[in-house]
Amino acid sequence: MLDRMELEDRTMNFLFEAATQYSLLAPAVSRALARRMRVFASGAKVGLHASSVEQLMCPCCSQVYVPGYNCHVSVKPTKRKRKDRRLTKSRTAISARKSSYSETDKQGSTRHPKKPRSLRRWLHYICRWCKWRRRLVLPCQPQRPQVAARPAAKTLAEKKQAAVSEEARNAAKAAKRLKQAKAKAKNSASCLSSGAAEDVSMREDGLAPTVESPGSAEVALSLPTTIKDRESSTMPNPLTADQPKASAPSHPEAVAKQEPKACLK
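Quick note on our numbering: the sequence shown kicks off at 1 and runs consecutively.
A portion of the hints provided could be inaccurate.
[Said to hold, decoys possible] No farther apart than 20 Å at their CA atoms in a straight line, the calculated lysine to aspartate or glutamate pairs in the EDC-like style are these:
1) Lys45 / Asp3
2) Lys45 / Glu8
3) Lys45 / Glu6
4) Lys179 / Glu167
[As the list claims (entries may be wrong)] Beta-carbon label-pair distances, calculated as ranges:
5) Gln161 / Gly68: 53 to 63 Å
6) Thr11 / His124: 24 to 34 Å
7) Pro139 / Ser165: 45 to 55 Å
8) Ala162 / Pro139: 36 to 46 Å
9) Asp3 / Arg133: 37 to 47 Å
10) Glu158 / Ser190: 18 to 28 Å
11) Ala189 / Glu166: 32 to 42 Å
12) Cys130 / Val46: 19 to 29 Å
Derived from the structure by calculation, the hints contain no laboratory data.
Cβ atoms here follow ideal geometry from the backbone N, Cα and C, with glycine treated the same way.
Whenever a hint applies, use it, and build me the whole structure from the sequences.
Below, the structure is given as structure tokens:
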């Protein structure tokens, strides 16, 4: 069982959604549903949200607003009151004039900046069915600060100093780029020269020639003979391999005594 308040809320939500959906398809049905919702809310003593209802439907014919189709919406600022333009002594006096671009006056006291005035804006609704006009106040927005009549420009010396520093910075960047380009060109030239020298030194068979020293030719000629001598000294003689070797005499006197005997024989 639904509570009374829940039942009223559901009924009002149903009527409002139905009026919104039929606002383009059947404007008359939409107006009837919206009017019935208003009557039901007043009978149940339910207060509708004023801002939402005023921005969503016309209070005269209960037409749900569809901007560009059945209503016209515009935002306009409020009209300002014209100030008195009469010239007075206080306005024409030289001492009363103050420069709008300076923050300090002649005595050196700091003036507090003026607070920007807020502008009030109006939201205008014009219903195209009943030509009813409604105007709602929008929240205020702060006005932009007034641009100074005389801009706070730099002095001539500061401008010259800034120009000189900028020129020096640009010159340093250009010198750095030139130095890098020269180094790159030098490296590429050295690589090309080394590659050309290698190509010239290549032989016809595709192998690079060896660098010979002055004594390398003599060493190359004597190398086969030394190898042959070593082989002959290490290899045994087959004719004399089986014969026993004569023992060498230990004393020279024994050698002298043996020689006459050999001669006698």
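Inset, instruction - Could you grab the alpha-carbon distance between Lys45 and Glu8 and see if it respects the 20 Å cut-off? - result: holds (10 Å)
Inset, instruction - Would you mind confirming whether the straight-line C-alpha gap from Lys179 to Glu167 stays at or under 20 Å? - result: Within the cut-off at roughly 18 Å; holds.
Inset, instruction - Check the following: the C-beta atoms of Cys130 and Val46 are separated by a distance inside 19 to 29 Å. - result: Holds, at about 25 Å.
Legend entry - CB-CB spacing for Arg133 and Asp3 relative to the 37 to 47 Å hint: 40 Å Cβ-Cβ, so the 37 to 47 Å window holds.
Inset, instruction - Could you see if the CB distance from Ala189 to Glu166 stays within 32 to 42 Å? - result: holds (35 Å)
Inset, instruction - Mind checking the hinted window 18 to 28 Å against the Cβ distance between Glu158 and Ser190? - result: Distance hint for Glu158, Ser190 is violated at roughly 49 Å.
Inset, instruction - Can you let me know if the beta-carbon spacing of Gln161 and Gly68 is within 53 to 63 Å? - result: About 58 Å separates the Cβ atoms of Gln161 and Gly68, which means 53 to 63 Å holds.
Inset, instruction - For the pair supplied as a hint, Lys45 and Asp3, confirm whether the alpha-carbon distance does not exceed 20 Å. - result: Holds: Lys45 and Asp3 sit about 16 Å apart, inside 20 Å.
Inset, instruction - Given the hint of 36 to 46 Å, check if Ala162 and Pro139 actually sit that far apart at their C-beta atoms. - result: The hinted range 36 to 46 Å holds for Ala162 and Pro139, with Cβ atoms some 44 Å apart.
Legend entry - Outcome of range test on Cβ distance (Thr11, His124; 24 to 34 Å): Given range 24 to 34 Å: holds, Cβ gap about 32 Å.
Inset, instruction - Can you let me know if the beta-carbon spacing of Pro139 and Ser165 is within 45 to 55 Å? - result: Check passed, 48 Å falls within 45 to 55 Å.
Inset, instruction - Take a quick look at whether Lys45 and Glu6 sit within 20 Å of each other, Cα to Cα. - result: holds (14 Å)
The structure does not agree with numbered hint 10 stated previously, though it agrees with all others.
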